[in-house]
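*Asks:* Fit chain B to the known structure of chain A by using the hints.
Protein chains: 2
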Amino acid sequence: MDTRPIGVFDSGMGGLTAVRQMIRLLPGEDIVYFGDTGRVPYGGRSAETIVRYARQDVAFLRSFDLKAIVIACGTVSTTALSVLRSENSIPVLGVVEPAAKAAVAASRGGNIGVIGTKATIRSGAYEAAIRALLPEAKLVAKACPLLVPLVEDGRVRRGDAVTERVVEEYLSSVKAAGVDTLVLGCTHYPLLRDVIGDYMGADVTLIDTGEEAARAVAALLEAQGQLNDVSRKGERHYYASDSAEDFAATAALFLGKDISDRVERVAIENY
Amino acid sequence: MDTRPIGVFDSGMGGLTAVRQMIRLLPGEDIVYFGDTGRVPYGGRSAETIVRYARQDVAFLRSFDLKAIVIACGTVSTTALSVLRSENSIPVLGVVEPAAKAAVAASRGGNIGVIGTKATIRSGAYEAAIRALLPEAKLVAKACPLLVPLVEDGRVRRGDAVTERVVEEYLSSVKAAGVDTLVLGCTHYPLLRDVIGDYMGADVTLIDTGEEAARAVAALLEAQGQLNDVSRKGERHYYASDSAEDFAATAALFLGKDISDRVERVAIENY
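So the protein lines, in turn, are chains A and B. Residue 118 in the numbering used here sits at position 118 of the first sequence, and the numbers go up by one each step. Numbers in the numbering used here are just positions in the second sequence, counted from 1, shifted up by 271.
Next up, chain A with everything else stripped away, as it sits in the complex:
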């Protein structure tokens, strides 16, 4: 047992899809979350800027005494993971390896699609991780730059004509490739699960990167004997680089509960 908190961060709100799964799987763990809402989105920025921002995000989280860090952001996981690992002595988990493992396990024919931000797809990180496990995999990858703005604007529901049109445009080539498994390579995308699932059809397994990252951190802590007792009531604290009120209002949608008394603002550029 190790009661130090787990640090989790994302460019904005998307990482809360991982936090939600962590709360479900790891109810006894304390969590410190940072969402860089003052600089979201990361996905269209240069690799150099993404690395610089990610270092500041981690420096802030490490002002707490953590037992592990979860990068709940596809863009940072695909662009800055190795740098962050080399600079931190505690475990740093990204979303790529757990999602790649889940995709390979789920895929019947090895025909796997990957969607993500521009930076994520440019990195080729998901494809490399999948091929390391399944060299004969047939892969198709597609950058979907408008999906994060749509999610951040709350346009996630079935029947939203714009969202459905955008999803159809991005996924038509992925669908035509006949994939049996699709990696939602950005932690914002599970919010679009209904629209994406409707378009791809029930035969295509969707891999939720936040959920797989939560499973991976649970397995790691268990293996290291650092898991808290499930009867312990874990505490969660949230930090954002833009307005705490705005963060709390949107977080309710992601987490399914009110956290307004547990959100604070942080001046991330000072880290």
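Derived from the structure by calculation, the hints contain no laboratory data. Values in this document were obtained by computation on a predicted structure and should not be read as measured data. Any given hint might turn out to be false.
Straight-line distance between alpha carbons at most 25 Å, and here's what the computed SDA-like set of lysine to any residue pairs gives [as the list claims (entries may be wrong)]: (1) B/Lys-372 with B/Gly-449; (2) A/Lys-118 with B/Gly-449; (3) A/Lys-138 with A/Ala-177; (4) B/Lys-389 with A/Ala-161; (5) B/Lys-389 with A/Ser-243; (6) A/Lys-142 with B/Gly-425.
*Replies:* This is chain B only, laid out in the frame that chain A set:
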């Protein structure tokens, strides 16, 4: 004559629509442009964060000895203009007053629409400026949060099904209100002039805020005897907070020419 440069800034690339007009109207002027591409977009952020970022943008520009500052950003002009004016002894021009003046002059029936980012529409600044000139104006305002992501993604052309669908959705209520004049209250929007113009119809006058701001700075400099001779060849220098290469590549679309040898990166969080 005053050969000090004019400082111009925007959250990202949009302000280049104003720069293009300034180059046309004021060929003898030196211009220093800053685009905060590392933190774009501003339009969905809190007023407090917008003011903080805008102060840093101005602090960087004032590391040059300027004769005037142009806020080539609808969001900053509507949210932070009075703060910036109170803190700077040189003239600070926003896009709101020039656009309001142009809209009132262009409108036949005083039935005027305003579109902009969430922060811009929340501020009510365009409506207030128009009413100050035309108290009986009939106004309709609409926030269009997806238009900046669409422009930054380069999806500006006629025939882009997603852009046309988004424009139709945002503008249907504005069109139904029977406006004769529409203020494009964000310097990104002139890139969408074709799509917006097609939807609104030829009878609706579109007001380009960047163009009006360029006219206003020309008038101000002339009135103060600070205008450079038109035979002088003005120099332009560009700065961005993300990759200089990425800025130069996109800037070519906005300016219609290659500026790759005149772009530098700046660490804006240090200002």
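*Asks:* Given the proposed pairing of B/Lys-389 with A/Ser-243, does the C-alpha separation stay at or below 25 Å?
*Replies:* holds (15 Å)
*Asks:* Take a quick look at whether A/Lys-138 and A/Ala-177 sit within 25 Å of each other, Cα to Cα.
*Replies:* holds (9 Å)
*Asks:* Would you check the hint for B/Lys-372 and B/Gly-449, treating anything up to 25 Å between C-alpha atoms as holding?
*Replies:* Holds, at about 20 Å.
*Asks:* Given the proposed pairing of B/Lys-389 with A/Ala-161, does the C-alpha separation stay at or below 25 Å?
*Replies:* Holds, at roughly 21 Å.
*Asks:* Do the alpha carbons of A/Lys-118 and B/Gly-449 lie within 25 Å of each other, as the hint requires?
*Replies:* violated (40 Å)
*Asks:* Sort out whether B/Gly-425 lies within 25 Å of A/Lys-142, counting only the CA atoms.
*Replies:* Measuring from Cα to Cα gives roughly 17 Å; hence the hint holds.
When the structure is compared with the earlier hints, a violation turns up for hint 2 alone.
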